[in-house]
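Q: These are the residues of each chain, in order.
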Amino acid sequence: MVTRKDIERLGDLIKIELGDPEKYIKQVEQILNYFGSLDKVETSSDNILTNEVLLDKLREDKSAAMLYDGKMLLDYLKRDPKQFIRAPKMS
Amino acid sequence: MNIAISVAEYIQEIQNGTIHVEEFIAKTLERINKVEPNLNALITKNEKALREAKEIDKKLRLKEKVGSCYGMPISIKDNICTKGMKTTCASKILENFVSPYDATVVSRLKSEDAIIIGKANLDEFAMGSTTEFSYFGPTRNPWNTDYVPGGSSGGSGVSVSAHECITSLGSDTGGSVRSPASFCSVVGLKPTYGLVSRYGLVSYANSIEQIGPLAKKVEDVAFILNIIAGQDPNDNTTLGDNTSDYAKDIDKGIAGKKIGIISEMVGEGADKEVIAATNRAISKLQGLGAECIPIHLESIKYSIAAYYTIASAEASSNLARYDNIRYGFDFSSEGYEFKAYISKVRGNFGPEVTRRMLLGAFVLSAGYYGKYYLKAQKVRALIKSQLDEAFKKVDLLVAPTMPILPFKIGEKIDDPLTLYLLDINTIVANLSGIPAISVPFEIANGLPVGIQFMANSMQEKLLLQAAYALQNTTNLPVVPL
Amino acid sequence: MTKIGLEIHCQLTKLESKLFCSCKANYRIYEPNSIICPVCVGLPGSLPRLNKKAVEKAVMISIALGCKIPPKIGFFRKNYFYPDLPKNFQITQYNAHGPISIGYDGKIQIEDREIRIRRIQLEEDPGRLVYEGISEKTQVTLVDYNRAGTPLVEIVTEPDFTNPKQVRLFLNILSDLVENLDVSEPDLEGAIRVDGNVSIEKGNRIEIKNVGSFRDIEKALQFEIIRQQSLADRNIPIPAETRHWDEARKITVSARSKEEEQDYRYLPEADIPVVVIEKTTLDKLKKEMPESIISKKDRYVKKYGIPLQVAEVLSSDKFYSDLFEKAHNEKNAKEIANLITTDLKGFADTREQRKQLKITAKHLSDLADAIMNNEITRNSAKTALQEMANTGKSLPEIISSLDLGHVDDDIMLSKIIDEVFIEEQKAVSEAKTNPETINYIVGKIMRKTQGKANPSHTLDIIKKKLDLQ
Numbered sequence: 033m034v035t036r037k038d039i040e041r042l043g044d045l046i047k048i049e050l051g052d053p054e055k056y057i058k059q060v061e062q063i064l065n066y067f068g069s070l071d072k073v074e075t076s077s078d079n080i081l082t083n084e085v086l087l088d089k090l091r092e093d094k095s096a097a098m099l100y101d102g103k104m105l106l107d108y109l110k111r112d113p114k115q116f117i118r119a120p121k122m123s
Numbered sequence: 005m006n007i008a009i010s011v012a013e014y015i016q017e018i019q020n021g022t023i024h025v026e027e028f029i030a031k032t033l034e035r036i037n038k039v040e041p042n043l044n045a046l047i048t049k050n051e052k053a054l055r056e057a058k059e060i061d062k063k064l065r066l067k068e069k070v071g072s073c074y075g076m077p078i079s080i081k082d083n084i085c086t087k088g089m090k091t092t093c094a095s096k097i098l099e100n101f102v103s104p105y106d107a108t109v110v111s112r113l114k115s116e117d118a119i120i121i122g123k124a125n126l127d128e129f130a131m132g133s134t135t136e137f138s139y140f141g142p143t144r145n146p147w148n149t150d151y152v153p154g155g156s157s158g159g160s161g162v163s164v165s166a167h168e169c170i171t172s173l174g175s176d177t178g179g180s181v182r183s184p185a186s187f188c189s190v191v192g193l194k195p196t197y198g199l200v201s202r203y204g205l206v207s208y209a210n211s212i213e214q215i216g217p218l219a220k221k222v223e224d225v226a227f228i229l230n231i232i233a234g235q236d237p238n239d240n241t242t243l244g245d246n247t248s249d250y251a252k253d254i255d256k257g258i259a260g261k262k263i264g265i266i267s268e269m270v271g272e273g274a275d276k277e278v279i280a281a282t283n284r285a286i287s288k289l290q291g292l293g294a295e296c297i298p299i300h301l302e303s304i305k306y307s308i309a310a311y312y313t314i315a316s317a318e319a320s321s322n323l324a325r326y327d328n329i330r331y332g333f334d335f336s337s338e339g340y341e342f343k344a345y346i347s348k349v350r351g352n353f354g355p356e357v358t359r360r361m362l363l364g365a366f367v368l369s370a371g372y373y374g375k376y377y378l379k380a381q382k383v384r385a386l387i388k389s390q391l392d393e394a395f396k397k398v399d400l401l402v403a404p405t406m407p408i409l410p411f412k413i414g415e416k417i418d419d420p421l422t423l424y425l426l427d428i429n430t431i432v433a434n435l436s437g438i439p440a441i442s443v444p445f446e447i448a449n450g451l452p453v454g455i456q457f458m459a460n461s462m463q464e465k466l467l468l469q470a471a472y473a474l475q476n477t478t479n480l481p482v483v484p485l
Numbered sequence: 512m513t514k515i516g517l518e519i520h521c522q523l524t525k526l527e528s529k530l531f532c533s534c535k536a537n538y539r540i541y542e543p544n545s546i547i548c549p550v551c552v553g554l555p556g557s558l559p560r561l562n563k564k565a566v567e568k569a570v571m572i573s574i575a576l577g578c579k580i581p582p583k584i585g586f587f588r589k590n591y592f593y594p595d596l597p598k599n600f601q602i603t604q605y606n607a608h609g610p611i612s613i614g615y616d617g618k619i620q621i622e623d624r625e626i627r628i629r630r631i632q633l634e635e636d637p638g639r640l641v642y643e644g645i646s647e648k649t650q651v652t653l654v655d656y657n658r659a660g661t662p663l664v665e666i667v668t669e670p671d672f673t674n675p676k677q678v679r680l681f682l683n684i685l686s687d688l689v690e691n692l693d694v695s696e697p698d699l700e701g702a703i704r705v706d707g708n709v710s711i712e713k714g715n716r717i718e719i720k721n722v723g724s725f726r727d728i729e730k731a732l733q734f735e736i737i738r739q740q741s742l743a744d745r746n747i748p749i750p751a752e753t754r755h756w757d758e759a760r761k762i763t764v765s766a767r768s769k770e771e772e773q774d775y776r777y778l779p780e781a782d783i784p785v786v787v788i789e790k791t792t793l794d795k796l797k798k799e800m801p802e803s804i805i806s807k808k809d810r811y812v813k814k815y816g817i818p819l820q821v822a823e824v825l826s827s828d829k830f831y832s833d834l835f836e837k838a839h840n841e842k843n844a845k846e847i848a849n850l851i852t853t854d855l856k857g858f859a860d861t862r863e864q865r866k867q868l869k870i871t872a873k874h875l876s877d878l879a880d881a882i883m884n885n886e887i888t889r890n891s892a893k894t895a896l897q898e899m900a901n902t903g904k905s906l907p908e909i910i911s912s913l914d915l916g917h918v919d920d921d922i923m924l925s926k927i928i929d930e931v932f933i934e935e936q937k938a939v940s941e942a943k944t945n946p947e948t949i950n951y952i953v954g955k956i957m958r959k960t961q962g963k964a965n966p967s968h969t970l971d972i973i974k975k976k977l978d979l980q
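Note that the protein sequences, when read in sequence, are chains X, R and U.
If you read the first sequence in this note's numbering, its first letter stands for residue 33, the second for the next number, and so on.
If you read the second sequence in this note's numbering, its first letter stands for residue 5, the second for the next number, and so on.
If you read the third sequence in this note's numbering, its first letter stands for residue 512, the second for the next number, and so on.
It is worth saying that the hints were derived from the structure and are not from the lab.
Among these hints, one or two may not hold up.
[As the list claims (entries may be wrong)] Okay, the calculated beta carbon distance ranges per label pair:
hint: 1; chain 1: U; residue 1: Gly-701; chain 2: R; residue 2: Gly-374; range: 42 to 48 Å
hint: 2; chain 1: R; residue 1: Lys-412; chain 2: X; residue 2: Arg-41; range: 32 to 38 Å
hint: 3; chain 1: U; residue 1: Gly-701; chain 2: X; residue 2: Asp-71; range: 45 to 51 Å
hint: 4; chain 1: U; residue 1: Val-641; chain 2: R; residue 2: Tyr-372; range: 35 to 41 Å
Note that CB positions come from ideal geometry on N, CA and C, so glycine has one too.
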């Protein structure tokens, strides 16, 4: 049973203001039930698909400065005159 | 001048000098202006396309080196980053976003002198199967504009099918390249996971998705794959250099090959036209010398639940970065507190994206990880092991790409689970990472039916040979100009 | 009994590039938001690329702390929203399920105690926040992403400490250790950050965050223990919570909800493959590791006969032990060790001072040799050392310019001794029977010659003159 409170809690977890949480309740519940059908599957091993890479093949520790079509990356972002990025005040 | 031509035909004509890049691009732009009001396949058009065309013509005139694409127009799904043109992911939240860098696949195409003609429409953040979830409105099927073109790479499928470009790049997470390929009667390939770099592909489900080419001909898809495939230092998940020449020997044929017909995909739940078409395709394959036998994949019935569990979980994390603080759309944070601001910003995601993120948050939340996400990953591994078993008996697998014919716009949009279930034939390749291709096979009741082949990991050459062989048994119409 | 555990974040400041991209790792000297790229600022479509050396250095730290290294390691995402976190998740390691972190089950000895290391993990640092505006209305948060993506090693101990002094000692040892491994420079601001958790008998565990220095963590823990004790004495229950160290008021205060029950929704970082650490690679890294502090100390004592105290000081100081290694040979090792620990360290101990030192290995070995060959007295050597450190001039130059040469000329020395004999007649007669008084006379001679007389030579001459051979 998925409740309105559940939807609101989830919305808060992912920081989405849900205009109308009600409309998601039924759909989320239906889909979660559907996900639950996986319970029936016998998965005997704990095997998961993973990619692997040898430590030796990882990126070398070198630095590189980059320009983007001649501009600094910051010029593509929402910048502040003092070269910072502004975020809303923290509570 | 005929713009409804293949890659090979285009390159031939440019090399001969029978046509010039500029006039071809101009004609293409004319075509775009004519059909776009009806189709809505492109979100952004490249303002500089003619200028780029002129540059290439100049190089040709001066006998300078020109890349293998010779100025061919190509559309790029709008969740793949392109410098100088917006990358919106069909979302309000990235309405104004211009990437400072090109995706690796885009740089590779540009260095071969392809011209990006525009950014193709998609379901928002690639979440959807019909391109109805785009912030910029749905894309329409050129075969019948009341019908959906498939998704999420609907804009890619339509722009190729309706001759707005010669090829396109889409992305395939649960069938998103193959579904529009099938519904629009074009070829669409999902490569092996790790064959094509994802650097610059806006992440939705990063352990699953791949960029894939669409075109009218199988050999055109092979041509593009040759350009975009291969290890990329910018993407740690690309596999070691293992790339072949995918165009070479594409006409080898399939005589002596064993092809498994996936029983679960031609039974209950499939439209009768689709089943009939599939049977006819199988006859053709047998006529070409292949041995077709039924194959059972028990775990397929769990593939959708496993896929959506994993994809939602990954989506809820991949999309967390969209808070409009560094980039995004016009909405000032003046007067807002942090949490309230970003929640309001993110309230602008569409309903499908929101739904998946809620589901994703749920399956990853404390206490549920084992029941849902971990279980889904185990089922995923089980599916892969069953496929490995199958590939011991057969070389390829075949099935219809979509269980049903294209349907009307708006028909299924209110029932998310019903839409999810349409992915039943395509998802298994995504979950296991194996390559799969959709080839147009029939037009039934005026609507396209595609046939899908799957091969084991890194077997794209074999896949393309089978698709090519089947393509050559058909003589399908194209969308009228 | 009081139990204290630590969570230490150590930046790998000696790396060239960040953990997941090629931006420069040393963010401290750059303008805001000038060393950023699509990856570390979390642009759409960007993907992390793991830094090989960061993993290697993390392996070395794990080995140095006695940890087990798993054959495969994996990365996870810790999801939460904060303006300093460009992707709104941190790529880190996790030990609840799936591929684990770079080190586990280690231990380190401090004095008489063994501190167990629960785990070591590799993760990225977030950006830096600067707050602007004073009033509620005008408050604005400014973000600098230069630091975002800097490699961090997180070291978590078991709650094996029983008092704050041990914590301080441990942190100093850890500092020396990471500096010796050439992975981090603990003196750099923010290079090592410490969170502590403390509980008294039967009490709940309190976490203390936001502590600036090692001295402060000791104070914060002391304060917290007293605070908890006073609550317990009055039978008031101690709620489990997170507290911050208030630098100004020197107390801990209850933190607000940020650190409350957060559901981080961990999931594997699929953009980074599981890293396989083969045995051959591990063996190679073990060989490449710089010599440990303990091993150096033992070597100094056993091979060169350096006194234990001196060896301890020298071995735990990377800057000076490196200098020692370059300067010494079998013969002058002890002298150089002495020069460094007694004199040089005395006037060049801070980071700034060391940076400005003009002294070289050759200077030291020349000086040590000169002392051992009686070309210069130890007193003069001290002066010479300082001059070398400040000017970088060579020993011969300094000896002549400051006139530090020995007064070895016997005739000259004899004359001076005679002068002192006249000035100190009482002492002279006493000296025949009381050896202490001879030293007093030698002292007078040293003063008269401004330390340039060779003490043992002077003593010889005096004894001869007094017929005390």
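Q: If any of the earlier hints don't hold here, list their numbers in rising order.
A: 1
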